[in-house]
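Participant: Each chain, letter by letter, is given below.
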Amino acid sequence: MRVLCARHPHLGLIAALRRYPELREEPVILGGAPELRLPVVAASAAAQAAGVRVGQPLRQAQQSCPAAVFVPLDPAGIARLRAAVCAELHRLSPTVEAGDEEAFGDLSGRHAEFPNEASWASALARGLRGVLDVEIAVGVAGSRFVARLAARASHPGRIRRVRTGEEALFLAPLPLDVLPVDPAVTARLAAFGLDCLGAVASLAPADLQRQFGPDGLRLHRLARGEDGAGIQPAPAQRSWSERLVLDGATGDLETLLRGARQCATTLGGRLTAEALAAVEVSVTFELEEAAAIATSGVPAAPAGNVAELWTAALGLLGQLQPRAPVTAVRVGVAGLTPAAGRQADLLRPGDGAREAVVATAERLRTRFGAATVRRPRLALDPGDLPERRFTWEAPVVAGSAG
Amino acid sequence: MPDSLSAALATLRSRYGPQALRRGGSAEEAGAWSTTVPVLDEVLTPGGIPRGRITLLAAAGHGPSGRLTLLQSLVALASRSHDAAYVDLAGTLDPGFLADLGADLGACLVVSPGPERWERGLVMARALVTSGMPWVGVALGWDQPRPSLWEHALAALVEAVAKRGAICVVAVPSPVAAPLRHASSLTLICASAGWQRANGDVAGLRVRLTTGKSKLGAPGAEATLLLRYPRPYATAEVLGLPSVVVPRLQPAVAPEADVAAVAARG
Numbered sequence: 001m002r003v004l005c006a007r008h009p010h011l012g013l014i015a016a017l018r019r020y021p022e023l024r025e026e027p028v029i030l031g032g033a034p035e036l037r038l039p040v041v042a043a044s045a046a047a048q049a050a051g052v053r054v055g056q057p058l059r060q061a062q063q064s065c066p067a068a069v070f071v072p073l074d075p076a077g078i079a080r081l082r083a084a085v086c087a088e089l090h091r092l093s094p095t096v097e098a099g100d101e102e103a104f105g106d107l108s109g110r111h112a113e114f115p116n117e118a119s120w121a122s123a124l125a126r127g128l129r130g131v132l133d134v135e136i137a138v139g140v141a142g143s144r145f146v147a148r149l150a151a152r153a154s155h156p157g158r159i160r161r162v163r164t165g166e167e168a169l170f171l172a173p174l175p176l177d178v179l180p181v182d183p184a185v186t187a188r189l190a191a192f193g194l195d196c197l198g199a200v201a202s203l204a205p206a207d208l209q210r211q212f213g214p215d216g217l218r219l220h221r222l223a224r225g226e227d228g229a230g231i232q233p234a235p236a237q238r239s240w241s242e243r244l245v246l247d248g249a250t251g252d253l254e255t256l257l258r259g260a261r262q263c264a265t266t267l268g269g270r271l272t273a274e275a276l277a278a279v280e281v282s283v284t285f286e287l288e289e290a291a292a293i294a295t296s297g298v299p300a301a302p303a304g305n306v307a308e309l310w311t312a313a314l315g316l317l318g319q320l321q322p323r324a325p326v327t328a329v330r331v332g333v334a335g336l337t338p339a340a341g342r343q344a345d346l347l348r349p350g351d352g353a354r355e356a357v358v359a360t361a362e363r364l365r366t367r368f369g370a371a372t373v374r375r376p377r378l379a380l381d382p383g384d385l386p387e388r389r390f391t392w393e394a395p396v397v398a399g400s401a402g
Numbered sequence: 403m404p405d406s407l408s409a410a411l412a413t414l415r416s417r418y419g420p421q422a423l424r425r426g427g428s429a430e431e432a433g434a435w436s437t438t439v440p441v442l443d444e445v446l447t448p449g450g451i452p453r454g455r456i457t458l459l460a461a462a463g464h465g466p467s468g469r470l471t472l473l474q475s476l477v478a479l480a481s482r483s484h485d486a487a488y489v490d491l492a493g494t495l496d497p498g499f500l501a502d503l504g505a506d507l508g509a510c511l512v513v514s515p516g517p518e519r520w521e522r523g524l525v526m527a528r529a530l531v532t533s534g535m536p537w538v539g540v541a542l543g544w545d546q547p548r549p550s551l552w553e554h555a556l557a558a559l560v561e562a563v564a565k566r567g568a569i570c571v572v573a574v575p576s577p578v579a580a581p582l583r584h585a586s587s588l589t590l591i592c593a594s595a596g597w598q599r600a601n602g603d604v605a606g607l608r609v610r611l612t613t614g615k616s617k618l619g620a621p622g623a624e625a626t627l628l629l630r631y632p633r634p635y636a637t638a639e640v641l642g643l644p645s646v647v648v649p650r651l652q653p654a655v656a657p658e659a660d661v662a663a664v665a666a667r668g
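Note that the protein sequences, when read in sequence, are chains E and C.
For the first sequence, this note's numbering gives the first residue as 1, with consecutive numbering after it.
For the second sequence, this note's numbering gives the first residue as 403, with consecutive numbering after it.
Keep in mind the hints are simulated off the structure, nothing from the lab.
As the structure is a prediction and not an experimental result, all values here were calculated from the model.
Just to be clear, a hint being listed does not mean it is correct.
As the list claims (entries may be wrong) - Ranges between beta-carbon positions, derived for each pair: (1) C:R417 - E:W392: 42 to 50 Å; (2) C:K565 - E:E289: 47 to 55 Å; (3) E:N305 - C:T413: 29 to 37 Å; (4) C:L551 - E:A190: 53 to 61 Å; (5) C:P517 - E:E289: 41 to 49 Å; (6) C:T438 - E:Q232: 31 to 39 Å; (7) C:K617 - E:G228: 40 to 48 Å; (8) E:T265 - C:P466: 55 to 63 Å.
Stated by the list, open to error - The following residues of chain C were derived to be distant from chain E, with all beta-carbon distances above 12 Å: (9) A409; (10) P466; (11) E518; (12) P575; (13) W597; (14) R599; (15) T613; (16) P621.
For glycine and all other residues, C-beta sits at the position ideal for the given N, C-alpha and C.
Between the sequences and the hints, there should be enough to build the whole structure, so can you do that?
Facilitator: Here's what the structure looks like:
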């Protein structure tokens, strides 16, 4: 796999500077008013030159740079910019991910329009620069972690490529604090006299595993540039609903059932046509001269066709007790996900089963509560108390984190 | 056999599946998951814990029976080779103990439906099995809700386990409710045979296992296991994956000999 990582200023800062173009050369601090007990989310180059650091309290940032202009976060503006970044990357890359300060694109294989990877990456960087109107620092490597570090090592307007097989060489001189692990782990590594990633990579995996448990193996893979984390495209949070206005307000159960059935049939057909499945189903009754009543639930399996949607809606209808005549019925679906997963490897028995199990666990957590399905994990520094020996975490597919 | 009868049998098998018809008197064939513990794999069950069936670890009476420790040991063994889920309806699971038993916690999924939520726990177990979870352990607590509240969920779990060929082991207190007795293909009755002591400390529990019901072989087999309690905070053992369930066949042999044999094996 080849991953492109593009680093750019925080999207909130770009949105703010677009809104107030007169602040382009001024020290700008993103996060809100300095009276608020909030951290600095991002700072312009002028503010950083004055000593402002991301994460420090806003009041402290004001003391460092009294002339700075403080602007609040604009979630809508950030969402618009993120969507634009995704759309631009999607023009040239099949899988993309856009964060606040970096974007990832898949450069695996060949692109018909470009003779090599460098020109392909240049085209993506040019596209991003056009969308954001800032210079982008780009890194290309064989994994997400190495691509991110390559982008950090690059400069605005430049592309830093790490050839396949040279990841460990590139990582070797870097300090330990670039590792995306618990600072306690980094501190222990430093206590062992290890000062760079090359030193960590030269250790045997078994030694690291003995010291750090499963995290030791991850450390070893990271230090050698063999992390399996790829690009994690954000799932689209879409929801649809179908509303049927009844021919006169009624409390007749048969009529309400027919109305809900009609909505479910239309929605189910649409789900089937779009190859989507709904994680959550809701039913709403609009009442005459009274507030609407609604209920929602998570079916045991995502509803992807008329029959499944109607079964889920029918279960919800029994929970609604209208105290006034109903004027309209609405059936809604939310959390739409592709009904079919990825193509499993047919020659590898059990391939895809773990993803299905994790998806089921996530559905059970949504349905019964986050504490019902968890994965235990041994604590790195348990101390003396038995209850501190482990922590709980949500189940994820191995290799998808980080 | 007449041709018409053969044709009728073929039609029924084609329509309802190969398991729909079988000859009376013959033991059912089932795949088995080898526990690598000879007592379990050879003496009590033919080849190990059966796949696609419900296996019960039933307490013989009140008091410690070792069924939950045995279940957790089996989960730990299973987690070394594939994913395993533990449905904790008894509310007694300590993941640290599971780790001491040598479990790969990254492969363990712990389901905590809440006390007395048998129906919910069985529904969740069924959902996981249906999605491809190959090994599920269910620890039932002492407070039994009415069977009418959960027997349908149990029937659905039995069906899902059979369909997916999963391994499902249920630890159940005494007395065993009728739906569970009916659903089980293999029931191992666990009874305490006394504490194992070493240097004045409790080092483990000896458990006498009896095959109370078996659709896969003849019931009545007996054996004794020593469930050795792992050292607390035994990080090295977690990584070294030692054998924790130490079998001991009756008549008893010197415990020292067993420990040495296991050390040599591990």
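Participant: Confirm or reject each hint.
Facilitator: The hints, checked one at a time:
1. C:R417 - E:W392: 42 to 50 Å: 47 Å, holds
2. C:K565 - E:E289: 47 to 55 Å: 51 Å, holds
3. E:N305 - C:T413: 29 to 37 Å: Given about 30 Å between the Cβ atoms, the range holds.
4. C:L551 - E:A190: 53 to 61 Å: The hinted range 53 to 61 Å holds for L551 of chain C and A190 of chain E, with Cβ atoms some 56 Å apart.
5. C:P517 - E:E289: 41 to 49 Å: At roughly 45 Å between Cβ atoms, E289 of chain E and P517 of chain C fall inside 41 to 49 Å, so the hint holds.
6. C:T438 - E:Q232: 31 to 39 Å: Since the Cβ atoms of T438 of chain C and Q232 of chain E sit about 38 Å apart, the hinted range of 31 to 39 Å holds.
7. C:K617 - E:G228: 40 to 48 Å: Cβ of K617 of chain C to Cβ of G228 of chain E: about 43 Å, so the range 40 to 48 Å holds.
8. E:T265 - C:P466: 55 to 63 Å: 57 Å, holds
9. A409: 34 Å, holds
10. P466: Nearest chain E Cβ is 20 Å from P466 of chain C, so the label holds.
11. E518: E518 of chain C is indeed farther than 12 Å from all Cβ atoms of chain E, at 14 Å.
12. P575: The assertion about P575 of chain C holds, with a minimum of 22 Å to chain E.
13. W597: Label holds. Min Cβ-Cβ 21 Å, cutoff 12 Å.
14. R599: 23 Å, holds
15. T613: 30 Å, holds
16. P621: Since the minimum Cβ distance to chain E is about 33 Å, P621 of chain C lies beyond 12 Å and the statement holds.
Hint check: no violations occur; every hint is consistent with the structure.
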